[in-house]
Structures are given as C-alpha cells and as structure tokens.
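Chemist: Sequence:
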Amino acid sequence: MSRIALIGASGNAGSKILAELVARGHEVTAIARDTSKIAAGPGVTPLSVDANDGKALAAALAGHDIAISAVHFLASDPETLIGAVKAAGVKRYYVVGGAGSLEAVPGLRVVDTPEFPAIYKAEALKGAVFLDRLKAEPALNWTFLSPSALFFDGPRTRTFRLGTDGLLVADDGNSSISFADYAIALADEVEAPKHERRRFTVGY
Numbered sequence: 001m002s003r004i005a006l007i008g009a010s011g012n013a014g015s016k017i018l019a020e021l022v023a024r025g026h027e028v029t030a031i032a033r034d035t036s037k038i039a040a041g042p043g044v045t046p047l048s049v050d051a052n053d054g055k056a057l058a059a060a061l062a063g064h065d066i067a068i069s070a071v072h073f074l075a076s077d078p079e080t081l082i083g084a085v086k087a088a089g090v091k092r093y094y095v096v097g098g099a100g101s102l103e104a105v106p107g108l109r110v111v112d113t114p115e116f117p118a119i120y121k122a123e124a125l126k127g128a129v130f131l132d133r134l135k136a137e138p139a140l141n142w143t144f145l146s147p148s149a150l151f152f153d154g155p156r157t158r159t160f161r162l163g164t165d166g167l168l169v170a171d172d173g174n175s176s177i178s179f180a181d182y183a184i185a186l187a188d189e190v191e192a193p194k195h196e197r198r199r200f201t202v203g204y
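The sequence shown begins at 1 in UniProt numbering and counts up one residue at a time.
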C-alpha cells in the first residue's frame with residue numbers, strides 16, 4: 001500500500017484513477033479545487049487545493065510516497081507542479097499525458113498532422129511542453145503516460161496494449177483507450193514501475 005496524492009481527482013481521468021487506486025488498497029489524498037464530486041470514504045481523503053498555488057500544493061503533497069497529476073495542461077503550469085512535488089520531497093511523480101506529443105509516424109508528432117483537430121491543439125502543445133520539461137529534469141523520478149487519440153468514458157475491459165513514443169492504432173484504424181483501462185495501466189505502473197523517467201502510452 002502506498003500513500004498517493006492525486007491532483008485533479010475529480011476529472012474524467014482522475015476519478016477513474018482514484019477508484020482504481022482505492023480498489024487496490026492504496027491510501028489516496030484526492031486533490032481538487034472543488035471537491036464536491038469526491039466522496040470521502042475508506043482510502044479517500046478529499047482535499048481542496050488550487051494546483052496553481054505552489055506553496056499550498058507542496059504542503060498538500062508532503063508525506064506522500066507518490067504524486068499523480070491529472071489536471072489539464074492549459075489549466076496548470078509545469079514549473080508549479082514539478083516545483084511543488086520536489087519541494088514536498090515526493091519520490092515518484094506520474095503525469096496523465098496527452099496523445100498529441102506521440103508520433104503518428106517516426107519524426108512526425110500527432111499534433112503536427114494536418115488532420116489534428118484545431119480545438120485540441122493548444123492543449124496538446126502545452127502537454128508536449130510539459131513532457132519536454134520533464135525530460136530536462138535532472139533529479140525527479142517521473143513517468144508520463146499518454147493515452148491514445150480517443151480518450152473516452154468507456155468500459156473497463158482490462159485488455160489493452162502498451163507502447164513507447166508511437167501512437168497505438170488498432171486493426172480497425174482507431175486509436176482509443178477508455179478512462180477506466182487507462183487507470184489500470186497507470187495503477188500497474190505505480191505498483192510495478194517499468195517506465196521510470198520515460199513516457200509510455202496505452203491503447204487498444
């Protein structure tokens with residue numbers, strides 16, 4: 001059992017990650033600006049903190065074995081988040097990444113393809129900046145898990161593939177992963193790290 005601080009615990013991905021971690025017996029501090037959607041219970045301690053308040057966030061993270069960030073990139077700042085994790089002395093940091101920084105083909109990021117939806121471009125580019133910032137981090141032990149292109153509220157199948165920097169595409173041409181199956185892949189990594197100081201991806 002680990003003591004885990006989950007930043008952005010009330011969101012689509014965050015709520016599924018929270019449920020998965022608690023089901024596995026971990027103690028989770030569920031951090032969100034608005035905790036009204038988070039029910040306290042066995043293994044869950046809701047805590048209202050603004051992820052952009054570095055000092056308050058560092059105080060909230062202190063004493064945890066692991067920190068997980070599941071906040072939108074446009075609504076957060078990598079320097080603030082990374083700084084808070086380091087100031088709190090947390091040893092392991094996981095980031096819910098995006099698909100835009102994955103490679104559609106070698107040397108071409110998904111976000112740079114002509115068909116990438118303009119509405120998601122700013123978020124994807126900010127995610128790529130976050131990943132680059134982590135890669136330049138000299139000391140922090142981080143992992144960045146990118147979902148597939150379609151990240152959706154679907155079934156918990158427990159059947160998926162893992163990859164590294166390339167977008168995973170199924171035989172039918174779709175690239176997708178449910179929030180629930182993504183949460184399984186992330187929890188598996190938390191319990192048995194295989195991608196330290198690296199990005200990896202999950203998809204069907």
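These aren't lab readings, by the way, just hints derived from the structure by calculation.
Watch out, some of these pointers could steer you wrong.
[Unchecked claim] Below 27 Å or equal to it, Euclidean Cα-Cα: the simulated DSS-like pairs (lysine-lysine) are:
hint, residue 1, residue 2
1, LYS135, LYS55
2, LYS126, LYS86
3, LYS135, LYS86
4, LYS37, LYS135
5, LYS91, LYS121
6, LYS55, LYS121
7, LYS194, LYS135
8, LYS194, LYS86
9, LYS121, LYS135
10, LYS91, LYS135
11, LYS126, LYS91
12, LYS55, LYS86
13, LYS37, LYS55
14, LYS37, LYS194
Chemist: All the hints need checking, so say for each whether the structure fits it.
Modeler: Consistency of the hints with the structure:
A distance of roughly 24 Å separates the Cα atoms of LYS135 and LYS55; the hinted pair therefore holds under the 27 Å criterion. Distance hint between LYS126 and LYS86 is fulfilled; the C-alpha atoms sit about 21 Å from each other, no more than 27 Å. Proximity of LYS135 to LYS86 is assessed by CA-CA distance (about 15 Å); at most 27 Å being required, the pair is judged to hold. Simply put, LYS37 and LYS135 have alpha-carbon atoms about 33 Å apart, too far for the 27 Å limit, and the pair is violated.
About 32 Å separates the Cα atoms of LYS91 and LYS121, which puts this hinted pair outside 27 Å; it is violated. With a C-alpha separation of about 30 Å, the suggested pair LYS55 and LYS121 falls outside the 27 Å cut-off, and the hint is violated. For the proposed pair LYS194 and LYS135, the alpha carbon gap of about 16 Å is at most 27 Å, so the pair holds. As the CA atoms of LYS194 and LYS86 are separated by approximately 21 Å, the hinted pair is consistent with the 27 Å bound.
Of the pairs offered as hints, the one joining LYS121 and LYS135 holds, with about 21 Å between alpha carbons and a cut-off of 27 Å not exceeded. For a cut-off of 27 Å, the pair hint linking LYS91 to LYS135 stands: about 16 Å separates their Cα positions. Using a Cα cut-off of 27 Å, the hinted pair LYS126 and LYS91 holds, with the two alpha carbons roughly 24 Å apart. The straight-line distance between the Cα atoms of LYS55 and LYS86 is roughly 11 Å, inside the 27 Å bound, and the hint therefore holds.
Restraint check for LYS37 and LYS55: the C-alpha separation of about 24 Å stays at or below 27 Å, so the hint holds. The hinted pair formed by LYS37 and LYS194 fails the criterion: a straight-line CA distance of about 32 Å is larger than 27 Å.
Going down the numbered hints, you'll see the structure goes against 4, 5, 6, 14, while the others check out.
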